[in-house]
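Using the hints, position chain X against chain B.
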Amino acid sequence: MKLREKCAIVVGASSGIGEGLARRLGRAGFRVALIARREDELRAAADAINSAAGEVRAFVFPHDVRNIDEIPGLFERAFETLGGLTHIYYATGVMPKVEPQEYNFDKDRLMVEVNLLGCIAWLNCAADLFNRLKSGVIVGVGSIAGDRGRKGQPVYNTSKGAQAIYLEALRNRLAVHENVRVVTIKPGYVESSMTAGQGNLLWMISADEAARRIILAGEKSRGTVYVPRRWRVVSWVLRAMPSFIFKKLEV
Amino acid sequence: MPHVPAEIVEDAHAPSTLTVDAPALRLSPGHLARVEGWGMAVDCVAHAFQPEDVEGIQRVFDLARRTGRKVCLRGGGNSYGDAAILQNGIILDLTRMDRVLSWDGETGVIDMEPGVTIQKMWRAIIADGWWPPVVSGTMFTTMGGCAAMNIHGKNNYKVGTFGEHIIDFDFLTPDGTVRTVTRESDSELFHAAISGAGLLGVFTRVRMQMKRVYSGLLSVEAFDVPDLHSMIAEAEDRVEKADYIVGWVDGTADGRRLGRGIIHSARYLQKGEDVRPADSLNIGAQLLPDKLFGVVPKALLHHIMGPFINNLGVRLINSAKFHSSKLQPHSVIHYQSHGAFAFLLDYVPGWKLAYRPVGLIQYQPFIPKERAVEVFEELLRMSHRAGLPPYLGVFKKHRPDPFLLSHAVDGYSLALDYRVRRGNRERLWELTARMDEVVLAAGGRFYFAKDATLNADRARRYLGNECMNKLHRLKAQYDPEGLLVTDLSRRLALATDSQS
Chain B
1430 MKLREKCAIV VGASSGIGEG LARRLGRAGF RVALIARRED ELRAAADAIN SAAGEVRAFV
1490 FPHDVRNIDE IPGLFERAFE TLGGLTHIYY ATGVMPKVEP QEYNFDKDRL MVEVNLLGCI
1550 AWLNCAADLF NRLKSGVIVG VGSIAGDRGR KGQPVYNTSK GAQAIYLEAL RNRLAVHENV
1610 RVVTIKPGYV ESSMTAGQGN LLWMISADEA ARRIILAGEK SRGTVYVPRR WRVVSWVLRA
1670 MPSFIFKKLE V
Chain X
7 MPHVPAEIVE DAHAPSTLTV DAPALRLSPG HLARVEGWGM AVDCVAHAFQ PEDVEGIQRV
67 FDLARRTGRK VCLRGGGNSY GDAAILQNGI ILDLTRMDRV LSWDGETGVI DMEPGVTIQK
127 MWRAIIADGW WPPVVSGTMF TTMGGCAAMN IHGKNNYKVG TFGEHIIDFD FLTPDGTVRT
187 VTRESDSELF HAAISGAGLL GVFTRVRMQM KRVYSGLLSV EAFDVPDLHS MIAEAEDRVE
247 KADYIVGWVD GTADGRRLGR GIIHSARYLQ KGEDVRPADS LNIGAQLLPD KLFGVVPKAL
307 LHHIMGPFIN NLGVRLINSA KFHSSKLQPH SVIHYQSHGA FAFLLDYVPG WKLAYRPVGL
367 IQYQPFIPKE RAVEVFEELL RMSHRAGLPP YLGVFKKHRP DPFLLSHAVD GYSLALDYRV
427 RRGNRERLWE LTARMDEVVL AAGGRFYFAK DATLNADRAR RYLGNECMNK LHRLKAQYDP
487 EGLLVTDLSR RLALATDSQS
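Going down the list, the sequences are from chains B and X.
Letter by letter, the first sequence follows residues 1430 to 1680 of the numbering used here.
Letter by letter, the second sequence follows residues 7 to 506 of the numbering used here.
Next up, chain X with everything else stripped away, as it sits in the complex:
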């Protein structure tokens, strides 16, 4: 009998308080909300609903039909751009369907509702010696969102995307049908629902295979590199032995310093390497510290950061970061918990608020390996010439995946954060439009969890006609009324609904 910790497995059939003889939904002002993309640079006003079960989702679709509205699926709301917002629409927020339905500590198979976050997932499994095979840089993403965006982690080059670890899922299409989908039962739907950006249906249950770990710690190596050539060379040197590789790129450095950064690589500990695995295989050992230097509460840090989030301030901070890493001797190994290594974006809670009053966008192009250095350097130079240096740059290595709206390539990506100010939006969008051309010319790709600036023409060139036609065919098959729409799908004409 596998070990099933009672406290984390919740009864899937527990009666929901909301659905017992609930009155028909209506578009009341009490459901109205302004909903933002994670980067705060784009928003919408919509009616938001948070169903607690499948029936509740069906009632939202029913409401949409009655009122002529469209429905936008939303999980943790961590997509930077407009992938989970819809102006004047209905936001179907799945975060209340957040039960872990079953967990088997012997086989490492976990069954979850779509609103379960990565945080809840790792907390459920760590004590049994397992870790999620793929995680995002924040632990607040949900299963539904991770599947719909087919997210990747710092180990993308080694283990592929989130979807590659999904065993099966239940999929609710807007007509109310729920079907269980596996790779074998319906390969086409399996590979289109995952990566489908929430345009074909709703994940109502996701079953995944976790990864066995023999310690709660990773063996981590970090050192500075002078440019992107070295970053890629060092990354390639570590492909065999490292399980994770991520690079920080100083986006503000130019001239001779262009592309300088710090590489972090990490590997899992082998069985027996950590003689006391129980010490780190627990929730407490994975938590991020909530104070800086044990003193400053990190929840306050974004107030301190605010004055530095400008071209000069970030330049200073980035230089300090780069040079302090040079002080560390190379090839020194240290140990870090999975949580601390994986969830860099959660390290300073609310850090994005330092980008107020508007926010930020992230531009993440994926470039085939032969052209990557040249393209990344060109993008950085274009940004500097425009006076819009990216404040954060993150480098990762990728491999292609078999999903329909795939962002991955056999190559690398460079995720660049740009501050959006009241006065620079037009210049920034104009810059990204020019950068898109460089990326497309190199056979590069984009990622809808991040994108806020592509247009329909450039999206079609990235995805290709064959892919777009297939998406439209599947859309006509599974959502013929065109109920599932997002501001992103409208902007990029992904759903056939492009008129409303």
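In isolation and in its complexed conformation, chain B is listed as follows:
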């Protein structure tokens, strides 16, 4: 068995950015392992990829990232099914609605488990493999929301901020290998179930457009990429802003 080129795992592939990533990767000739909780949506996404390709390229692995213990075994199964692994995209995230003075630990735990712990569990497996193979691309989809602690979403911000630090550390660890890249994606507002019902948000792009930009960034970048890029400027301003001003803003 020779390892195949162009094999990807997409975690969170049943909808939104993840579904867009899987579809675009399939179209680009990748064999893709689709990972998500909702099996029906997952199968529909895989069927669409396979019928467009005229061959079986997409493989379905129903999985809830909160079941941390099954991740190493599932990672191996996905690897073996694909026949190799060159890319992994972690594109799963949840942001339940949180009231201004709501302190609901169940919601908080859910966000930490899905946005952060699942990411660490999946990407640890990939980092270990890519370290041994000395090649591979890890893409973590985070958020501009991780750049500051805001009054509206304390734990969502925490999970995305911690995820960004984790990805930076992975990138530094794996920097010894020229052919291993770890890319942090920070999207702004993307049309998805997460933003549904919030009206027309600033610089909103479709999930498919976000996926296109993320794949491009995964091929070229070695650092943090804002999607679209202009969010970098906003982020810079927000991060530079002193706390006594920031806490007065409704952002």
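Any given hint could be a false lead.
[What the hints assert, rightly or not] Here are the simulated lysine-lysine pairs, DSSO-like style, with alpha carbons at most 30 angstroms apart: (1) Lys304(X) - Lys1563(B); (2) Lys358(X) - Lys1649(B); (3) Lys358(X) - Lys1563(B); (4) Lys304(X) - Lys358(X); (5) Lys1563(B) - Lys126(X); (6) Lys1580(B) - Lys1676(B); (7) Lys126(X) - Lys332(X).
[To be verified] If you want the ones that stay clear, here's a sample from chain X, every Cβ over 12 angstroms from chain B, calculated: (8) Gly36; (9) Ser108; (10) Glu227; (11) Leu322; (12) Leu333; (13) Trp357; (14) Leu359; (15) Pro374; (16) Val444; (17) Arg497.
The hints are simulated quantities; they were obtained by calculation from the structure and are not laboratory data.
Ideal Cβ placement from N, Cα and C applies to all residues, glycine included.
Showing chain X alone in chain B's frame:
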């Protein structure tokens, strides 16, 4: 009762944690790795296993049989080329079998598992007044690898190769049989397993005779020579009294300066010559300094070296090195520890990383003494004409040895390091192919611990039909399934397995 330092002799029968009711091995992604030759210019993706005992090795062979894979033996991974890698195969890495089984400070006999490194070996024996009779330029090679490649040191002309100091060994063939082999019990297998490039079986235990020393220091003499004629003449002048001779050759110098270099010769101190031998016969006195000028951590040096590893930069450095040696008066003797003299390649840790993003190959031809100067000069000129000067050249003197895949001749070798870049691989391989013809025409030989560029036809011409036929006969006898394969053995059709 001989002195046996308890801390270095480990219990051979200590239960291994891995083998107690261990499940059958499988080719899981957790064992996959990209494995490189030491020079980083060739690599493979393979499943790697690190057994801790003989049973563990047998389980790897069992796995190979079940899955139709081939097995490549690997020790410290210091072979420059593809001698210890195998694309899509199973890498059987023996570095965890690294116990010193017994050491007798009276007789100087040491018994070791195959993964014991030269570093571990010298550390075990130095305090009792012994030193390994043959060492490589790095101390990170293992017993199994040194035996399989039958390595030599800077004293090859005087004491022969590594294998000549082996008393006996245990040899595991792929069918699972372990036999103890001595020169007397099975001369043919003894002389083929040693030098056999890991193609006949696995060394699971190696017993060796160490050399008595009366000081931890060597008396060293170093001076510059203008060309290869003088290098050889000076080397020959020192054959009687020097125990080690090595020459540095400035590979970037051409024209009138072609072949200029520096000779280092060293001799052991006689009994009584060092009045306080205990001061240097200890581990601390043999360690290499970890800072340059006591200031710069050497682990960082390769970053500084990187920008100099090109034709111009190396030329500058080599010139500086050559001329600074001219400032030293000739015939000044200085004293250097065994470790500092022997392990030049360990002096700057990670120096090979300065050759990134790809790496380097080493081309080491062994030429009979009558033709050596002429051939070495021609090889250097060919390199310069191709715009591919070697960045490091190391000259040594050799003598023939009785082993099957012998690289040695009654003559000299010149080891040349060439940088491999993304854009020069084809040109470099084409250059070495032409150099091979010059070497073969002069009756020269090659060395599988270094080689990355020979092909099957040229390997056959170097080894000769008789040797190749004997190797294939032994292969059919000891490894009839053809389980032991390396990328090198495939490239050179050394094992009969050449189809897969």
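Consistency of the hints with the structure:
no.: 1; hint: Lys304(X) - Lys1563(B); in the structure: holds (25 angstroms)
no.: 2; hint: Lys358(X) - Lys1649(B); in the structure: holds (27 angstroms)
no.: 3; hint: Lys358(X) - Lys1563(B); in the structure: holds (17 angstroms)
no.: 4; hint: Lys304(X) - Lys358(X); in the structure: holds (13 angstroms)
no.: 5; hint: Lys1563(B) - Lys126(X); in the structure: holds (29 angstroms)
no.: 6; hint: Lys1580(B) - Lys1676(B); in the structure: holds (8 angstroms)
no.: 7; hint: Lys126(X) - Lys332(X); in the structure: violated (37 angstroms)
no.: 8; hint: Gly36; in the structure: violated (7 angstroms)
no.: 9; hint: Ser108; in the structure: holds (35 angstroms)
no.: 10; hint: Glu227; in the structure: holds (40 angstroms)
no.: 11; hint: Leu322; in the structure: holds (27 angstroms)
no.: 12; hint: Leu333; in the structure: holds (39 angstroms)
no.: 13; hint: Trp357; in the structure: holds (16 angstroms)
no.: 14; hint: Leu359; in the structure: violated (9 angstroms)
no.: 15; hint: Pro374; in the structure: holds (41 angstroms)
no.: 16; hint: Val444; in the structure: holds (35 angstroms)
no.: 17; hint: Arg497; in the structure: holds (17 angstroms)
Hint compliance for this structure: hints 7, 8 and 14 are broken, all remaining hints hold.
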